[in-house]
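So the sequences go chain by chain: A and B.
Numbering of the first sequence is given in the numbering used here, commencing with residue -11 and proceeding in unit increments.
Numbering of the second sequence is given in the numbering used here, commencing with residue 92 and proceeding in unit increments.
Please note that a few of the clues may not be correct.
Cβ pair distances, simulated, as ranges [stated by the list, open to error]:
hint, chain 1, residue 1, chain 2, residue 2, range
1, A, Val420, B, Glu126, 47 to 57 Å
2, B, Lys113, A, Ser93, 45 to 55 Å
3, A, Val196, B, Lys156, 35 to 45 Å
4, B, Thr314, A, Leu128, 34 to 44 Å
5, B, Glu126, A, Ser194, 38 to 48 Å
6, B, Thr314, A, Leu200, 48 to 58 Å
7, B, Glu126, A, Gly127, 29 to 39 Å
8, B, His226, A, Gly127, 42 to 52 Å
9, B, Met292, A, Leu200, 43 to 53 Å
10, B, Arg381, A, Leu128, 39 to 49 Å
11, B, His226, A, Ser93, 50 to 60 Å
12, B, Glu126, A, Val25, 53 to 63 Å
13, B, Lys113, A, Gly127, 29 to 39 Å
No lab work stands behind these hints: they were computed from the structure.
We put the CB at the ideal spot given by N, CA and C, even for glycine.
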Amino acid sequence: MNDSNHEGLDRREVYRALVRDAYLQVADNLVFRILLVIVLVLVLLTFAVGFKEDRVDFLFGLMSTSYSKFLGTMGFLFPVVGGTSPRDAIVEGFQSLFTQAIAGSFGVFIAVVATGFFVPRMLEKGAADTLFSKPVSRGLLVISRYFASVLFVGLLSVVLVGGMYAGFAVSSGYTNPRFLWSAPMLIYLFAILAAFSTFFGALTRSSVATLLLTIVSWIGLSGVHNIWMFMDYAQEHEVLGKGEEPGPIQTAFHRAFTVAHLVLPKTNDSAHLTELLRKRVTREERRLLGGVPIGDDAAPLYRQLDGTVALQNPYGQNEVVFEPDGERRTRTVVAGTVVYLEISPDDVAVWTAARRTDSRERDRVEDEAKAAGLEEPELSWPPTWAQSVSLVPADEVDVTGGNPVTSYVRRFTWSQQRLGYSPLYSLGSSIVFCVLLVLGAMWRVRRIDF
Amino acid sequence: MSSAIIDVRDLRMRYRKGLFGKGFEALRGVSIAVEPGSVFGLLGPNGAGKTTLIKVLLGLTTHFKGEASLFGERAGRPSSRWKVGYLPEAHRLPPYLTGRQVLELFGGLCGRSRSWLEARIPAMLDAVGMTDAAHRKIKEYSKGMQQRIGLAQALIHEPELVFLDEPTDGVDPVGRAQIRDVIAKLKAQGVTVFINSHLLMEVEQMCDRIVIIDKGQVLREGTIEELTPSTGLVTFDLGAGSERARSIVAPLVESLDEKERALVCRMDTERTDAVIDALRAGGVSIRAVRPERLSLEASFIDLVVAQSKQEAKR
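Whenever a hint applies, use it, and build me the whole structure from the sequences.
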């Protein structure tokens, strides 16, 4: 006798039975099988096509072609850009396409369709009678259906991401573990939607209504997040009326969307959250040191946990990472030029190019700066001589990147104090809301007379 | 404290209709007690409240008034159902499971271990005649096969109390006989069986005690003998010497009707021995003596019709 009060009966067996039932329900699902086949085909393709440094191999070198021919066959007429090599750029592009763009939208949509009936079917007359007459609480059965849904996507995500990772590792020699974090991203996103699906399933007991309401909720959550993000950015940057105070209607809307954004789960944060989590695990977390003055703006300069320093383009998403090279010095290569960056304890950054080409040019620029009344000359990039600049203090650096999306992503850091931009708050509030939804579903199911 | 395994007192249950609707009162003060080890039959016309009573006992409906307990625990608590098996009417088993997996699932949900079930499942499948179809999915089963596997899931964890709601519904005659066998074995093992059925002959064959309910009220409760009273007629099947029987018996009975090699006598059944003695003394051979009782069906219809008339008068 364990924790039940009846001889020979074990409550742990109840949990085992529920888990097994969840698995069998998922495995028998036709949509799951179709998705699994599609996923396996994608995985096989990653094994069959190998992206090498200078060519594309098919079937482990049985056939080869150049990148330009390969891309031309696929309808692309431009060369590979981005990444440290054509191979990395293409592999990362495919990984991003299949996990975030396809699995993260279309795949999750199909998963919602495929699992939306789990709770309504359990509550159908005849099925409910049999199941709820067992010595298991209705709440536990609702939770088991929720986890069956999450298991559905969990299995597919693990096979897709793990399989593609293995495929690219074997055929292309590409093993960046960053890609593996796509699986928890997909599971987190779907776990939020599954909570809605469970709630609506208990409320309506209709598969069609559950599906429609869950999809509408997903669109609604995304809409609330985006509208709030744009309104917040507009208000902070006085985009809508430069120099004017926002009107009462605008303020009311902004407040309403702020409250909605704070309260509701944040599906749009799934990718950002997993990225932050990945950085914490891989010690790529960063601290804003200050800004490097470039023209009228300052390029944010970050110190990362692994000792690297990242200089971010103030107008875009790209950045340059300097690897540690000595006690204070860091090193990178920009357009074929080795550049060193050294930051002194009093926040003065010294740039040194490996090739000091023209000291007369440096003197001329410094003379011009003095003539213009500037203490320091503007930084040219990449620098061609040793040049020191005083960093703009961290709290004065504009990290918004000039648009709402970049602004949101850059401010979404663990140390963020504002709730709307805080990953901890995003995670906590999403979990709380989803727990409330599942509790609501349990409460509703407990009150049903079958 | 009552020794009854099921104890129901003044149970009332109303199905609500909308927010302000009065709804429908399915149970109107039902009181019953079921002793351990008995086969208990619940009879009633459609809509009498039979299934509602079972659902209250199993916690499937929770908005009731009055007292209802299983094994001394208030009905509705999951813990009161550890030792209970239930075969619902028109049940729907998970279509994605095989017959065997259904037994594994429901046995597991009742706290039975995998090894315990492994040992038990073959015998259970055999008992309901489903061994050959055990590895097929439920969605491939006929109605009768689903009913058989449904019965097996109700019994797989060896419950002490089993509720069977129309257990032979949709099952062929061979299957019905198998189910009756299973119920007889359960009774022999001391398991309490609560049968809800409108098949009066089956209830008559299987049950020790019967309750007849209609419109949410108990109309009559008792043993088969109590519910099927004597009609006062006794039939004597006769052999050699039957031509002398009429003159021998006539003084001893109120009236008699002579049929081919049989006498149907209206008499005080207490005098049956005296009639037999007289016939034997007169050299008449007796093949069988059959006191006639009111059939359960006739008794049931009389009760229900009388109740309907009373309701109509009100």
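Hint by hint, here is what the structure shows:
Range check, Val420/A to Glu126/B: Cβ separation about 51 Å, and the 47 to 57 Å hint holds. Roughly 50 Å separates the CB atoms of Lys113/B and Ser93/A, a value that falls within the hinted 45 to 55 Å. Checked against the given bound of 35 to 45 Å, the beta carbons of Val196/A and Lys156/B, roughly 36 Å apart, stay inside it. Checking the proposed 34 to 44 Å range against Thr314/B and Leu128/A shows it holds: the Cβ atoms sit about 41 Å from each other.
For the hinted restraint 38 to 48 Å between Glu126/B and Ser194/A, the CB-CB distance of approximately 44 Å keeps it satisfied. Here the CB-CB span from Thr314/B to Leu200/A is close to 56 Å, well matched to the stated 48 to 58 Å. Checked against the hint of 29 to 39 Å, the pair Glu126/B and Gly127/A passes, with Cβ atoms roughly 34 Å apart. Checking the proposed 42 to 52 Å range against His226/B and Gly127/A shows it is violated: the Cβ atoms sit about 33 Å from each other.
Between Met292/B and Leu200/A the CB atoms are about 50 Å apart, so this pair conforms to the stated range of 43 to 53 Å. Range check, Arg381/B to Leu128/A: about 56 Å between beta-carbon atoms, so the 39 to 49 Å window is missed. Between His226/B and Ser93/A the beta carbon distance is about 39 Å. The supplied range of 50 to 60 Å is therefore violated. As the Cβ distance of Glu126/B to Val25/A is approximately 58 Å, the hint placing it in 53 to 63 Å holds.
The hinted range of 29 to 39 Å is satisfied by Lys113/B and Gly127/A, whose Cβ atoms lie roughly 31 Å apart.
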